[in-house]
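Asker: Required output: the full structure, derived from the provided sequences and hints.
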Amino acid sequence: MTMTVLAFTGATYLGREETMTKSEMRGLTRRQLLARVSAVGASFLIGSGFIAGTGAAWAYETNHLKSEDFATLVQMARDIYPHDRIPDEHYVSAVKGYDSSEAAADIATGIAKLNEAAKKKGFVSYLDMGWERDRVDILRSMEDSSFFQKMRGGLVTGLYNQKAVWPIFGYEGESFSKGGYVDRGFDDINWL
Amino acid sequence: MAAPFDMNDDSVIVIIGTGAGGGVLANELAKKGVSVVALEAGGRYLPEDYINDEWESFGQLAWTDPRTTSGDWRVAKDFSGLPAWIVKAVGGTTTHWAGASLRFQDHEWKAATTYGKVEGANLLDWPIEAEEMAPWYDKAEKKLGVTRTNGWPGLPGNNNYKVFEAGAKALGYKEVSTGRMAIMSHENGDRTMCQQTGFCFQGCKWGAKWSAAYTDIPEGEATGNLEVRERAHVARILHNEAGKVSGVEYYDADGKLQMQKARVVCLAGNSFESPRLLLNSASSMFPDGLANSSGQVGRNYMRHMTGSVYATFDKPVRMWRGTTMAGIIQDEAMHDPSRGFVGGYEMETLSLGIPFMAAFLDPGAWGREFTTALDSYENMAGMWLVGEDMPQETNRVTLNMDVKDQHGLPVANVHFDDHPNDIAMRQHAYKQGMAVYEAVGATRVFPTPPYPSTHNLGTNRMSEKPEDGVVNKWGQSHDITNLFISDGSQFTTGAAVNPTLTIVALAIRQADYLADELSKGNL
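Chains as they are written, first to last, in our numbering: chain A, 1 to 192; chain B, 1 to 523.
Certain hints may be false.
What the hints assert, rightly or not - Below are the EDC-like pairs computed for lysine to aspartate or glutamate, each with C-alpha atoms no more than 16 Å apart in a straight line: (1) B:Lys-473 / B:Asp-125; (2) A:Lys-178 / B:Asp-53; (3) B:Lys-261 / B:Glu-249; (4) A:Lys-150 / B:Asp-6; (5) B:Lys-169 / B:Asp-6; (6) B:Lys-315 / A:Asp-187; (7) B:Lys-110 / B:Asp-78; (8) B:Lys-77 / B:Asp-375; (9) B:Lys-261 / B:Asp-479; (10) B:Lys-315 / A:Asp-188; (11) B:Lys-77 / A:Asp-188; (12) A:Lys-178 / B:Glu-227; (13) A:Lys-163 / B:Asp-53; (14) A:Lys-113 / A:Glu-143; (15) B:Lys-315 / B:Asp-375; (16) B:Lys-31 / B:Glu-227; (17) A:Lys-163 / B:Glu-56.
Unchecked claim - Pulled from the structure, derived: some chain A residues nowhere near chain B, Cβ distances all over 12 Å: (18) His-64; (19) Ala-103; (20) Ala-105; (21) Glu-116; (22) Ala-117; (23) Lys-120.
Keep in mind the hints are simulated off the structure, nothing from the lab. Think of the CB as a built atom: it goes at the ideal place given N, C-alpha and C, for glycine as much as any other residue.
Answerer: Following this line, the structure appears as structure tokens:
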């Protein structure tokens, strides 16, 4: 993947579009950017007020949540519905709605509980736990909490109803405008 | 007199709901010269309006007015506010149905006599003989254009069907085909042929599938005798001092309360709203609700045994391509108590898109156990199990006095507990369904729990004796001669088949009886 230089454009919120867009941080090289952020856990760069994918293919500037909390939320979303072939940007899309004035307090409280549970197991934070199974153990222990259930329930549409995600599963979506499948393989199975 | 009709015109027949029952009844009466006002709570959507997108279509078409649930059925836990997936629109649930059009088997009209006493089940024979229904089924099949009747060919089998058929044959099943579907399989002047588009559940954008919305309703309107009022939400059925219905109150599209007088009222709001309306129409003369001297209004709610089986294979299936439900195994539909239950079930192909699969494959599930299933979505095949569930008096629709709808009226609470016969049948069906797919190499199988109900029956059932039900063999209230029920809530028992063809046949028959009674001056 080619190196991309990140940039901010003032108050532009990079996360608004359905798919992540690249943005440019004026004058900073990737090396300079990395000097300002902490690379955390699996795949995030976290700066003040933003998180980004380590390949810098996407970035999201937080509005109400701390960027570390938002990164934790993204990881939690992936741990609830892990798909190794779905890139981070779709999990970010799925949870960015919680980065709002109404939701921020409850989310921060919930994330704090995740981090507290991680600390009890000897880690610095939830994001610090390298093995998915350790993070999932924590989630399982709080499965009945309203925080977990709200996250899980929201992801059913928040994650799976993104059109950009469907091709990853092979699902072809809308069909009428293409004349249906009568000439596009409705019965093309060949291995029976 | 021609449409539109005056609110004070008490010579009109008022029909509430325009689905398989109400829509067909409206057209059949209009064709006979009877003046009809059909009140539809929803709006009007036609093929050009339908959307090939599961959640967007759901937002357009589904009934989402509040309901509550109780009982041990899993739907009450996973989808507590959504006991049914049905339609709020002109054409009703015929907009979203998959088109499966099967007749009852003869013995299914006499479930009580055939099955004998089943502890805890409120079984009753229909007050109709099987032979009597044959000509009405003929008419219904012609109206719907049902494949494999009238010389019309079956639909071709899609990928999902081919897997299903191969597994069925490997197990030794004999009655396997693409089934009897109300979907055009041949060139004709009327409806476009099926283009194997999928999204049958989201309304057929070709109009190849029969739906009252673009067949019976416009046909009836063209006679000049049918007036459909959309976004007309009926609140109450009114009666006079003689105990006969006299009209209905409804909220119009602007939210204003209107009152339409009526000579006869026919209720076809599907099996939650119909009993709810009768109960909400209680008065000092009828303190338990209209038509409820037996106490059976709202009771005996049936939703068919249901459940699904999905399976993944090591190679692609792409089950979403093509019709959603053109495939059936009928070998288990007979009554054979040696299997450990009374009644039978059909196995029918079924497909969901990724968005709905995520919601319904295993509601509440999460983690890799769940996501690995979706990772194999492209290699997935699926079927739906439709079996006869037992009517129980305690499975019922009642008014929830603590929850009111947008008009301030108490909503329906739907209580349902599985009967042991339902559970035994479902377990058998899961086992057989999984065996079908394992016979052709499935690497993983999923016995999926019942969805929010798409078949909703029995809550105003037909009975010979007034104390056992709500309506007589014509769907006419035992208590009030000018009040009829015209939807699936009439069903005394559910049989092992999708109900729409029978609802349509009963509606055509009811139109004949009603028109006859009107002309004799009996109503």
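Asker: Next, verify each hint and record whether it holds.
Answerer: Each hint, compared with the structure:
no. : hint                  : verdict
1   : B:Lys-473 / B:Asp-125 : holds (11 Å)
2   : A:Lys-178 / B:Asp-53  : holds (14 Å)
3   : B:Lys-261 / B:Glu-249 : holds (9 Å)
4   : A:Lys-150 / B:Asp-6   : violated (50 Å)
5   : B:Lys-169 / B:Asp-6   : violated (60 Å)
6   : B:Lys-315 / A:Asp-187 : holds (14 Å)
7   : B:Lys-110 / B:Asp-78  : violated (34 Å)
8   : B:Lys-77 / B:Asp-375  : violated (26 Å)
9   : B:Lys-261 / B:Asp-479 : violated (20 Å)
10  : B:Lys-315 / A:Asp-188 : holds (12 Å)
11  : B:Lys-77 / A:Asp-188  : violated (39 Å)
12  : A:Lys-178 / B:Glu-227 : violated (36 Å)
13  : A:Lys-163 / B:Asp-53  : holds (10 Å)
14  : A:Lys-113 / A:Glu-143 : holds (12 Å)
15  : B:Lys-315 / B:Asp-375 : holds (12 Å)
16  : B:Lys-31 / B:Glu-227  : holds (13 Å)
17  : A:Lys-163 / B:Glu-56  : holds (12 Å)
18  : His-64                : holds (26 Å)
19  : Ala-103               : holds (20 Å)
20  : Ala-105               : holds (24 Å)
21  : Glu-116               : holds (21 Å)
22  : Ala-117               : holds (17 Å)
23  : Lys-120               : holds (21 Å)
In terms of the numbered hints stated before, the structure departs from hints 4, 5, 7, 8, 9, 11, 12, listed from lowest to highest.
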